[in-house]
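2 protein chains.
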Amino acid sequence: MGTVVVGYVPTPEGRAALDRAVAEARLRSARLVVINSNRGGRDLDAEDSIRSEADLAAIRDSLGAAGVQHEVRQLVRGMDPAEDLLSAAEESAADLIVIGLRRRTPVGKLILGSNAQEVLLRATCPVLAVKTDTRPEPGER
Amino acid sequence: MGTVVVGYVPTPEGRAALDRAVAEARLRSARLVVINSNRGGRDLDAEDSIRSEADLAAIRDSLGAAGVQHEVRQLVRGMDPAEDLLSAAEESAADLIVIGLRRRTPVGKLILGSNAQEVLLRATCPVLAVKTDTRPEPGER
Numbered sequence: 001m002g003t004v005v006v007g008y009v010p011t012p013e014g015r016a017a018l019d020r021a022v023a024e025a026r027l028r029s030a031r032l033v034v035i036n037s038n039r040g041g042r043d044l045d046a047e048d049s050i051r052s053e054a055d056l057a058a059i060r061d062s063l064g065a066a067g068v069q070h071e072v073r074q075l076v077r078g079m080d081p082a083e084d085l086l087s088a089a090e091e092s093a094a095d096l097i098v099i100g101l102r103r104r105t106p107v108g109k110l111i112l113g114s115n116a117q118e119v120l121l122r123a124t125c126p127v128l129a130v131k132t133d134t135r136p137e138p139g140e141r
Numbered sequence: 001m002g003t004v005v006v007g008y009v010p011t012p013e014g015r016a017a018l019d020r021a022v023a024e025a026r027l028r029s030a031r032l033v034v035i036n037s038n039r040g041g042r043d044l045d046a047e048d049s050i051r052s053e054a055d056l057a058a059i060r061d062s063l064g065a066a067g068v069q070h071e072v073r074q075l076v077r078g079m080d081p082a083e084d085l086l087s088a089a090e091e092s093a094a095d096l097i098v099i100g101l102r103r104r105t106p107v108g109k110l111i112l113g114s115n116a117q118e119v120l121l122r123a124t125c126p127v128l129a130v131k132t133d134t135r136p137e138p139g140e141r
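So the sequences go chain by chain: R and G.
Counting from 1, position 121 in the first sequence corresponds to residue 121 in our numbering; the numbering is continuous, with no gaps.
Counting from 1, position 32 in the second sequence corresponds to residue 32 in our numbering; the numbering is continuous, with no gaps.
Read the hints as simulated data drawn from the structure, not as lab findings.
Owing to the predicted nature of the structure, the values given are computational and were not obtained by experimental measurement.
From the three backbone atoms N, C-alpha and C, an ideal C-beta is built for every residue, glycine too.
Heads up, a few of these hints could be off.
Cβ-to-Cβ under 8 Å is the rule here; a few derived chain G residues that face chain R [as the list claims (entries may be wrong)]: (1) Arg20; (2) Leu75; (3) Met79; (4) Val107; (5) Val127.
Based on the sequences and whatever the hints tell you, model everything.
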């Protein structure tokens, strides 16, 4: 049985990546490993942590309902999300990694974040990059 | 019927992208559009052009043998490969774009080329990025 690994964060991009990863896992009859990674420490206060826990519980429920064999890992190890995702992919001999790409600049210009670049370049399997709003902004090419 | 669009160049990365795109098209029962794009002009001499033609003919044969519904387009329009790939994907309402990533620097360090970045950021559908040698070089992380 193959494995699809997805990097999940509670944002529209994270949701888009997760939705697509579920579809890919079903298509391939693969299991799905969901990695929710954050550095912890000052970036994560108690309220965030509770919200995150509830969010991941909801994801577990919906994956169960979708009939996809899955595993949800919340990692707070002080590592970059890219490191956590890549090590999970290596460990599970993933066939596919799914990541969300997000808008980064205040003016809405799309750029590739450093985590996305790290995953794209260092992954030992193909990487599927998913966006949410895929239409260009007015003024963007 | 869905459509998978792949950017093909006659390099190991291009081959890896094509192989994966064929597998994805079969998995999805989709048709495959192969885009071989170059700027033409001084970048392309007569010998290259003949080699390229023979290469594409071989690809057509192997896609036919694989039983994948396909279309091979050789584009010499003076446009960036990213532009050609994105416009083909738009035009065919592609469900997936497959691209190869290649090593770029003389010392073997992996970086994302500008065409890959363009496609990743501007595509209106998910993009699958494929590498050939996915093991890090000695000295690379």
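A quick look at each hint next to the structure:
Because the closest C-beta pair between G:Arg20 and chain R is about 6 Å apart, less than 8 Å, the hint holds. For G:Leu75, the interface hint is violated, the least distance from its beta-carbon to any beta-carbon of chain R being 19 Å, above 8 Å. With a least beta-carbon distance of about 13 Å to chain R, the hint placing G:Met79 at the interface is violated under the 8 Å criterion. The restraint placing G:Val107 at the interface with chain R is violated, with a minimum CB-CB distance near 14 Å, outside the 8 Å limit.
Hint status for G:Val127 relative to chain R: holds, with the closest Cβ pair at about 5 Å, below 8 Å.
Checked against the numbered hints given earlier, this structure breaks hints 2, 3 and 4; the rest are met.
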